[in-house]
Structures are given as structure tokens and as C-alpha cells.
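Number of protein chains: 2
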Amino acid sequence: MTPNRVWGAERARGHVFIACSLDGYIATQGGEIDWLNTYAASGEEYGYEEFIASVDGIVMGRRTYEKALSFPAWPYELPVVVTSRSMKSNDLPIELTDSVEVSDADPADLVSALTERGLHSLYIDGGQVIQSFMRAGLIDEMIVSRVPLLLGAGIPLFGSDGPRLEMEHVATKSFPSGLVQSRYRATTR
Amino acid sequence: MTPNRVWGAERARGHVFIACSLDGYIATQGGEIDWLNTYAASGEEYGYEEFIASVDGIVMGRRTYEKALSFPAWPYELPVVVTSRSMKSNDLPIELTDSVEVSDADPADLVSALTERGLHSLYIDGGQVIQSFMRAGLIDEMIVSRVPLLLGAGIPLFGSDGPRLEMEHVATKSFPSGLVQSRYRATTR
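Protein chains in written order, with my numbering: chain A, 1303 to 1491; chain B, 1303 to 1491.
Check each hint, because a few of them may be wrong.
Because identical chains cannot be distinguished in the list, a pair is counted as satisfied if it fits within a single copy or across any two copies.
[To be verified] In silico SDA-like pairs for lysine to any residue, Cα to Cα no more than 25 Å straight-line: (1) LYS1475 to TYR1350; (2) LYS1475 to GLU1346; (3) LYS1390 to SER1479; (4) LYS1475 to ASP1442; (5) LYS1369 to ARG1466; (6) LYS1475 to ARG1487; (7) LYS1475 to SER1344.
Source of the hints: derived by calculation from the structure; they are not laboratory data.
Produce the complete structure using the sequences and hints provided.
Set out below in C-alpha cells:
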């Protein structure tokens, strides 16, 4: 298990804030998330602003990065690390080179490095990245919002070769739209 | 889409009442559900008695049947149909031949037949059976209880080739144990 302290400092915590379908997909097979639009546009407060204000860095996979890149404007102000073995820093658009970097480090090494840089709280985003951080014991909290739609197929939030892991349920809230948001914490390891 | 009326009678409704892990598994790969024991023993009221009193027949897959058969006593008083292509009525233990039958009919034909027999409300149980009824548009209500445990792998509640289907969220309730129970209804088709 990954130690919780890195060079004497508490290792940066891993936080997940993600929406998925009732059947556990975070996007269609083609990466589409337009089925989430009605929720984004609902005016309901899912706590994203509060969440994003609570973290000081973001780690995401390549697909999540490419999705963010397709938005009209880059949606993050925080430093971002894109985990990828194939992508290089050269692949970043010039306007992002100050705030985005690419890393092929494994989760434990990446968290150690970010902890040494003084980061405390990381937003871990993207199915595969979440799964690999989960396997490494580096996810401390998950806020999962389930929307009342079965996608039938897609990119799963949880894979089929994850760790067996007890979580602690902190709270669940449901919204008039039918979105159900649950917060879980890793149990003490 | 399967018609909602059969020979002038309202077709029997399909109801799901199931527990799954946070990552959507209803059993381990080997079919184990011992990780649910703490919830069964918690004294918390998940509404199973009320649910089972609301249905008048049960349709389950072979694995669910075999699991039930492994219990100290057969747990159902209602008529049960086991859907299987390989199993025969001869395979049933003699003491179950009055209350259990085996069918290889497809979901629509099976529901038509049960409707003609006067059944109104069916408990649909088992991952594959739920998925095939879902694909056939024969699930009208789902009560899903998620326990705060990631299994990592196992028998999925929802497969990866299901239909895309909007559901209506009716209510969600969470329990001190961390189990979160949500009730969904099929939207009008």
C-alpha cells in the first residue's frame, strides 16, 4: 500500500468528483457526455464550485484532457497533470504550457512528486486514471453523481479489475432532476 | 417495443429489487454474496418484506436459482420461473416441482404467458435476466441498494450491451450502514 506520508509530509489526497449513468458509465463509447447537459443546465447545485475550490491540482487522463480541450475555453485554473505514456509536452497547445504538464509516472510516484511540490489535494479525473489511483490506494474521497439514465454501454467509471475496497458512506443527496449524489471516504488503511 | 397489454389484460409488470456493490456487481465472479451479510444482519429495514408482498411471481436466472437452492431452506413462497436453456424441469428437486418451473421462453413470451395466467407483478432477479428483461422493455421499476464496497470484479448488475433507457428517479434513502437505496421507474414508453 502506498504510504500516506512522503518525505515527512502528508501525501496529497486524491479526490474524485464525477457523474455517471445509472449503469456506471462516465461517457459513451465514443466519449460523448452530452447526456449530462440537462443536469449541467438544470440550475441545480451539485457542489462543483465548492469542490474545485477545495483542491489545488488536477490529474486527468488523456481522454479527459482532450474532452476539456474541445470546450470553448480551457475550463481549469489549477495546475493540471495529464497522465499519458504516448503524449508529450510538445503536444500541448502553447497557451497551456504554463498550467498543464504531461507525465508518464505511475500514480504513487506522481503523487509523491506533487506532494513534494506542496500540493495537498488532487482532483483525480477520468475513468482509467481513477481506476489506477484506486488500485494504488490513492483515492481518499469520491463524490459520485448518478443520473437516472441507463447508457447501456460506454466508458466505465469502475473497471472490471479494480481492487476490493471498503468505503465509508458520508452522505447522499438527491435532486429534483433525479440525480443522486453520494459522497464516500476511504476507510482508514 | 413489447406491448403493455396482452390479450386485453395489462401485462405483468417487471420489478427489480437488488443489492449491488458501489462498482455495480451483484456477486463476486464465483457467485459469492457473503459481502452482503453485514447488511442483512444490520437490522436495517430495506423494505424487502413489503416488496415481496407486492409481487405475485418471480422470474430468476439459473445462477440465482442455484444460489437460492444453497440456502438452508427454499426462500420463496411465490411461484418461481427459472429461465434457462440448458436446465430441464427434471432437474428440479421433487419438493420444488409444485412451485418452481423452468422456461426457455424469451422475456416477452414469458411475460405474456404469466400475464395470461393472471399474474400482475413479477420480481425479476439475476443479472442476466434483468438485462434481458431490460432490453425487452419489461422492467417497470427498480429498487437498487448500493453498499459502500468496491468489489473490483464480479457479476455485473448491468452489462455492457444494454439498452439506452431513461428512468425516473422516485426516491433515495440512505442507511447508517452506508447502504444507499434508490427507487427508479421506467419512463412512459
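Results for each hint:
1. With identical chains, the CA atoms of LYS1475 and TYR1350 are at most 25 Å apart both within one copy (14 Å) and between copies (23 Å).
2. Both within a single protomer and between protomers do LYS1475 and GLU1346 lie at most 25 Å apart by alpha-carbon distance, with minima of 12 Å and 19 Å respectively.
3. Taking identical chains as interchangeable, the C-alpha atoms of LYS1390 and SER1479 are never at most 25 Å apart, the minima being 41 Å within one chain and 46 Å between chains.
4. Proximity of LYS1475 to ASP1442 under the C-alpha cut-off of 25 Å is found in both arrangements, the shortest distances being 20 Å within a copy and 24 Å between copies.
5. Taking the shortest Cα distances, LYS1369 and ARG1466 sit within 25 Å of each other only across copies (22 Å), while inside one copy they are farther apart (30 Å).
6. Both within a single protomer and between protomers do LYS1475 and ARG1487 lie at most 25 Å apart by alpha-carbon distance, with minima of 15 Å and 19 Å respectively.
7. With identical chains, the CA atoms of LYS1475 and SER1344 are at most 25 Å apart both within one copy (16 Å) and between copies (22 Å).
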